[in-house]
Amino acid sequence: MLNQDAVHAIILQALNNINDERGPDEQLVISLDTRLFGADAVLDSLSLVSVIVDVEAAISDASGREISLTDDRAMSQAVSPFTDVNALTAYILLLLSEAA
Amino acid sequence: MTHDTLQGQFVNLRPLNVADAALTLDWRRAARARFLNAGAASVEQQAAWIAARPASEYNYIIELKNGHAIGMLSLTGIDRANRHGEPGRFLIGDEAAAQGVPAAVEAMKLLYELAFDQLELVRVCGIVAANNTLMVKWQKFMGMQEEGRLRNHLCQDGAFHDAVFLGLLVEDYRKVTLPRMKLLIAAAQPKK
Chain S
1 MLNQDAVHAI ILQALNNIND ERGPDEQLVI SLDTRLFGAD AVLDSLSLVS VIVDVEAAIS
61 DASGREISLT DDRAMSQAVS PFTDVNALTA YILLLLSEAA
Chain A
1001 MTHDTLQGQF VNLRPLNVAD AALTLDWRRA ARARFLNAGA ASVEQQAAWI AARPASEYNY
1061 IIELKNGHAI GMLSLTGIDR ANRHGEPGRF LIGDEAAAQG VPAAVEAMKL LYELAFDQLE
1121 LVRVCGIVAA NNTLMVKWQK FMGMQEEGRL RNHLCQDGAF HDAVFLGLLV EDYRKVTLPR
1181 MKLLIAAAQP KK
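Protein sequences appear in the order of chains S and A. Here the first sequence stands for residues 1 to 100, numbered as in this note's numbering. Here the second sequence stands for residues 1001 to 1192, numbered as in this note's numbering.
For reference, chain S alone in the conformation it holds in the complex (with noise of 0.2 Å):
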């Protein structure tokens, strides 16, 4: 099963996905920390479905298991999953635990 610290790379890969589209003045700071969507969040929708399309794709690659980031659950977490970077990683590696 994939770790949280793989997971991280996957989420930042995906970041780094947008910046490979962006120029050089419109680069997003990419963290852990990185808020990904709501208030102070760097990504607009257009850049957040992209996230979403890549990290599914390349979860789906590593673990075998196919994941939906976008269902009803996702959206009734006490923390939505797209909150920031670790956020994110919790909810996967929850879905993962409970796919196992």
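Honestly, the hints are just simulated from the structure, not real lab data.
If the Cβ cut is set under 8 Å, some of the chain S residues that face chain A in the computed set are:
hint : residue
1    : L43
2    : D44
3    : F82
Please read these numbers as outputs of a predicted model, since none were measured by experiment. Where is the CB? At the ideal position from N, CA and C, for every residue including glycine.
Following the hints, complete the assembly by docking chain A onto the known chain S.
Below, chain A alone, put in the same frame as chain S:
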């Protein structure tokens, strides 16, 4: 003929008018607009282009609820007989103002409500530059399906690129697109 403003929770779509010429030209000159067709070369040309838009087109400015304009979006090519149309001219011009706000998704939701609920279209479709990976990814996530590829269809900076032809049927809009749009809009709201 002036169309009504479409009201959302985070953004409104208000009709594009000639007074938006300088702002929209500025957006179109930015690097992030490189995937749009080449447009006017001056504010006067842009104003003339806006003034010449036929009433059959729905051209909007995306603005935040405080009235700050952040982008544009259109529904054109409306065929009432065959009940299809083309979303396009989609650009978030003020990206900084859109950060953390579901502006793009709610703007498109408002446009799809116009297309599918008000105009009762059964299909929307259009092309996206194949190298506009963010937009292709976004449209497919939102339920559009790739229906074809137009080879060397677009010329950008002197080089020819493929275009992807994407289409969305009304039933897929209701089943796939709308729930995902609602979810992303909800994701931007603080937990109570």
